[in-house]
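As they're listed, the protein sequences go chains A and B.
Mapping of the first sequence onto our numbering: position 297 corresponds to residue 297, and the numbering continues sequentially without gaps.
One gets our numbering by counting positions in the second sequence from 1 and adding 314 to each.
Take these hints with a grain of salt, some might be off.
Listed below are several chain B residues computed to face chain A (Cβ distance under 10 Å; list not exhaustive) [to be verified]: (1) Phe400; (2) Val417; (3) Ser426; (4) Ala445.
Since the hints were derived computationally from the structure, they do not count as laboratory data.
None of the values given here were measured: they were computed from a predicted structure.
For glycine and all other residues, C-beta sits at the position ideal for the given N, C-alpha and C.
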Amino acid sequence: MPFPRQHLGLIATLAAAVAITTFGGSLNAYYLDVAMNVGIAIILAVSLNLVNGHTGQFSLGHAGFMAIGAYLSSACTLRLAPALADASSPLLAQHALFFVALLLGGFTAAIAGFLIGLPSLRLRGDYLALITLGFAEIIRVVFQNTPALGGAIGLNGMPPLTSIAWTYGWVAVTVFTISCLINSTYGRGFLAVRDNEIAASAAGINPTRYKVVAFTLGAFFAGIAGGLFAHLKLAIDPRGFDFFRSVEIVVMVILGGMGNTLGVIVAATLLTLLPEFLRPVAEYRMVIYAALLIGLMLARPQGLFNVRLGKSRL
Amino acid sequence: MSAPLLQLDQATIRFGGLTAVNAVDLAVAPGELRGLIGPNGAGKTTLFNLITGVYAPSSGTLRFADASLAGLRPDQITGLGIARTFQNIRLFPGLSVFDNVRVACNLHRTTSPLHTLLRGRAFRADEAAIADRVDALLTLFNLDRFRDAPATSLPYGEQRRLEIVRALATQPRLLLLDEPAAGMNPSEKVDLVRLIREIHQRFNLTILLVEHSMRVVMTVCEHITVLDYGVKIAEGTPAEIQKNPRVIEAYLGEDHTAKFGHH
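The following block holds chain B by itself, in its conformation from the complex:
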């Protein structure tokens, strides 16, 4: 196995007396599609917030592509190539669909803010290139018909998709998806699985997926890591995880062990 793209070593964060993430080791290889599951409050989203620099770890180290993430701001981490979506969708409501994605292209701007005043050839070429890139992404994800509509006027499922497109516009190497299937009906979930697979391949991405829907995680992920009360309790293939007694216990309590397989 090649060197991990993302490596967490004893990552820990405490909020007062609560240890939300406790000494978690995690290694995600380049190109992997890793699932991260666990009951409510297991620390999955907190782990995402640690990786993306929203919180600083109380102890432990986080490395991405052989660079330490310590002390970096979220925007700097995005600049290194880690993009994310949010559990509760966070679009820019005052901006159009097009502008929501355009904002994420700032990392790859070639002209400075001063160029906006001169509006010269270089500036116009840069803006045109960005607009082309945004339009290509919107077309690819079937959002071009909403191009100039306010982002929050979109149907729920499309908003989730737009958030993924915005994350992709930062040209990431690692994409963190936080419960993309939340609130989706079964047919939307089928589309989502297809979408995740497609972006995984087309954009040559490594994906870390937090998800409650077992159907989605078990179908789409090659490897799964399980958290419970901030501690990593299991790691393995979907088949291994389904049979793991500690995982079943964490989800269903001891007495329901037998039922889990049919979920």
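Bound conformation, chain A alone:
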């Protein structure tokens, strides 16, 4: 195996994303918008899957981390973008700023994830779900009451920097990072912690360390997704990151089959596309959406795909 499979996937996705952004000027703006929504959903679901699926820690706080990324990156670009108008190459400077802003949001979310990871180690199941839910609500309420961040109105007027290239670039990085981690001797430790914590520590695994890594990394990518979301919608407010947003991401993970990265990607895609397809039925849209969800859960309670155990690959 001269060149790892994962690296090929990463490079191919990056190249395709850049190509579409560069040469796809004539593509329908609506389709592009939906495609970016799908990409953001994939980042959110795959990163939550590391926590809920692979490590088995039921987190209901992903929207909180997303909010941190959205607000911090927006604050960053709103403040600094005007200053870049005089730069010799404004477009390049803007995108460089965007990159820094996304990382700022991602790393701040990661710090928050680390902090929530610490107390959560003592709790499991429903209790952990409640703690993470409470934590996400605290984040939301803090943003709602910070005038510098727009308070209840939120932030708007961000430069429209999110593109197919940025979105799918980060999709590629997220999927690459998490699948590389999981497909290794080290990464099997996440699954061991999920399956039996006591046996995992008897096998020399430190469950605490693994949980903190999962929470931190999951939060980082949620923060990135939040930044992409903010610079796609160009207006954010605290209500966009409430409990229901978290549930939406959890549903993607459950429907995709906990711990199954491919299944989760498909589920995130379907659940983002479904409301678009249901636009013709207007007011009944969400009813049908919910009914389809119930139907899917009844038909495939183990998730859309359940091929967790295959041959062990490097």
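Put chain B on the given structure of chain A with help from the hints.
Using the frame of chain A, we list chain B on its own:
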């Protein structure tokens, strides 16, 4: 006798008003195959949980290879060289047989988690070495034919064996076996005795064996320690233990003293 590998000094643990392990002294010499027996609820598994750091002792000290075990987490204790199996089998049901053992190789990984992203030469060499080690262990214990099957799909006896293999993959010096014969039929028990003897010799291990099956304990162990209500009531060779009146009383009550020898 050489310095003990495992030494418990007045080890005690209380849960509320219940003293599950009461001032137990225990010294296990390197290379020994020690049996630990006692009636149900005598505190044998609790003693295992004390040694492996699942519980912290209320008082007393535990030392392994001249290092104190105080305040160490279970994974750190495993890292020092104490591995264990569980009374109720604890495999990773979502993982294959191969991965169940592979997880236990993390202590001896030579590359960091960051290497998983780069997938460079060092990482691939490390993963290949681990895979070779796991496959060798599986072959040795005749589990290679189940390599990619889910661990919990194995027959009961094979699951017990897999748990022992997983413990061995951590490269321990001391192996704690918690009722490995539980639920086995007589012919499986014969195989188990052979297996325990074999790993004792091949891996140069010290073994502490909790077991209810007298047949297994009396055949395989050189020394036996007996617990009752958390207190150590006897210690000696199988022959001595079989004749010890306190042991017979603990197991059968006073009136049945004569019958114990035929068990």
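Comparing the hints with the structure gives:
A cut of 10 Å between beta carbons decides the hint on Phe400 of chain B: the least distance to chain A is about 7 Å, and the hint holds. Taking 10 Å as the C-beta contact cut-off toward chain A, the hint placing Val417 of chain B at the interface holds, the least distance being around 4 Å. Annotation: Ser426 of chain B was flagged as interfacial toward chain A, and the flag holds, the nearest CB pair being 8 Å apart, inside 10 Å. Hint status for Ala445 of chain B relative to chain A: holds, with the closest Cβ pair at about 8 Å, below 10 Å.
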